[in-house]
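S.K.: Letter by letter, the chains look like this.
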Amino acid sequence: MLILHQIEPYHWAVAGFAIGAITLLLLWVTNQRLGISTGFEDLCGLVIKAPYFRRGEIARSHGWRLPFLGGLVLGGFLSAATSGGWAPFWDLGMFDTLIGWGPAGKLVWMFCGGLLIGLGTRMAGGCTSGHGIFGISNLERASLESMASFMAAGIVTSNLVYRLGGI
Amino acid sequence: MNALIYVAFGTVFGWVLSRGGAADYDYIQGMFLFTNFQLYGIIGTAVLVTAPGLWLLKRRGRTAFGAALTVKPKPRHPGNVVGGVLFGVGWSITGMCPGPILVNVGEGKLYALGALAGALVGAALFGVLYERFPARLRLPALQVGTGDG
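So the sequence lines, in the order shown, correspond to chains G and S. Residue numbers for the first sequence follow my numbering, so the first one is 3 and each next one is one higher. Residue numbers for the second sequence follow my numbering, so the first one is 31 and each next one is one higher.
Some hints here could point you the wrong way.
Computed from the model, here is a short list of chain S residues facing chain G with C-beta under 10 Å [stated by the list, open to error]:
hint, residue
1, SER48
2, ILE73
3, GLY125
4, LEU143
Using C-beta positions, here's what the derived DEER-type ranges look like [unchecked claim]:
hint, chain 1, residue 1, chain 2, residue 2, range
5, G, HIS64, S, THR65, 38 to 46 Å
6, G, GLY86, S, THR100, 38 to 46 Å
7, G, GLY86, S, ASN32, 31 to 39 Å
8, G, ALA154, S, ALA165, 21 to 29 Å
9, G, THR99, S, LEU140, 12 to 20 Å
In silico contact screen, one side only, chain G against chain S (beta carbon under 8 Å); selected entries [said to hold, decoys possible]:
hint, residue
10, LEU28
11, ILE50
12, LEU117
13, THR130
14, GLU147
Hints were generated in silico from the structure; no laboratory data involved. Even for Gly, the Cβ is constructed at its ideal location relative to N, Cα and C.
With the rest of the complex left out, here is chain G (with noise of 0.2 Å):
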């Protein structure tokens, strides 16, 4: 059951196959490899001036990524308004259970999460989309290795915080 409007989701089979579809069309129409965490690097290109962000492939990528990035935005209110309803709210599954902070303590552990986000997939040069399904798909051995470090980590450290009661 998802923490949205508690509905069941799609089968896995269903989930994988429609992601590894959208995967090879936008490749076979567009002529572009699956990849978002690049899109942060664009969204920080828009008003930082260092080099890093004013490299080619940045100033080449704006004109797909950016429209994608604010697609994923779309797809999810969609999902949402026609689920039950578009509403803004805070529920956090186990979270809420079994941690039980408020909204300041979300903002503040999901803005520290979210560093570590911004920073390791960008100097991983990549996550699970251009990694973990295009990389390894394409038998990449960076996206291999990316890929299982993403996963130990993040089983460590959900196993620290829920397992072990670090938090």
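Given the coordinates of chain G, assemble chain S onto it according to the supplied hints.
M.R.: Just chain S now, kept in the frame of chain G:
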């Protein structure tokens, strides 16, 4: 290519991440705690579909409009593992990877705004500090970047 087609791709992708559980805190914890198979099934199926399709597309070598297909592999460097570990910790803390941060914002989950702000500050720090990271990370030249994805 018209920007609208990318909005459409993003919207469908965001919808599937939302309805599949990939943008759900509990399903991400269930993956990392080995109590829920959903995300393993999704990622595994996606790779099983993408890998042979990609092989065929590369063999054909053309896009739907006849242009030369370009698939640029990502550079390999120690940042893959070091950055990968940092991201893995963040993925567990927030229950979100980069796509789902945006999907969760769209769904109306207010705490996701904290994750989005953090991710943008993290990416900004990375770009600003790029030339100051220790040499042993052997990050590619600034003009190349660490890999785009």
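S.K.: For every hint, state whether the structure bears it out.
M.R.: So, going through the hints one by one against the coordinates:
1. Here the hint on S:SER48 is kept, as its CB sits about 4 Å from the closest CB of chain G, short of 10 Å.
2. The closest approach between the C-beta of S:ILE73 and any C-beta of chain G is roughly 6 Å, which is under the 10 Å cut-off, so the hint is satisfied.
3. Satisfaction of the interface hint for S:GLY125 is found here, the shortest Cβ-Cβ separation to chain G being roughly 8 Å, below the 10 Å cut-off.
4. The restraint placing S:LEU143 at the interface with chain G holds, with a minimum CB-CB distance near 7 Å, inside the 10 Å limit.
5. The hinted window of 38 to 46 Å between G:HIS64 and S:THR65 holds, with their beta carbons roughly 41 Å apart.
6. At roughly 42 Å, the beta-carbon separation of G:GLY86 and S:THR100 lies within the given 38 to 46 Å, and the hint holds.
7. Checking the proposed 31 to 39 Å range against G:GLY86 and S:ASN32 shows it holds: the Cβ atoms sit about 33 Å from each other.
8. For G:ALA154 paired with S:ALA165, a C-beta distance near 25 Å keeps the hint of 21 to 29 Å intact.
9. Checking the proposed 12 to 20 Å range against G:THR99 and S:LEU140 shows it holds: the Cβ atoms sit about 18 Å from each other.
10. The restraint placing G:LEU28 at the interface with chain S holds, with a minimum CB-CB distance near 5 Å, inside the 8 Å limit.
11. A cut of 8 Å between beta carbons decides the hint on G:ILE50: the least distance to chain S is about 6 Å, and the hint holds.
12. Contact between G:LEU117 and chain S, as hinted, is supported at the beta carbon level, the nearest pair being about 4 Å apart and thus within 8 Å.
13. For G:THR130, the shortest C-beta to C-beta distance to chain S is roughly 4 Å, which falls under 8 Å, so the interface hint holds.
14. Annotation: G:GLU147 was flagged as interfacial toward chain S, and the flag holds, the nearest CB pair being 5 Å apart, inside 8 Å.
The structure shown violates none of the earlier numbered hints.
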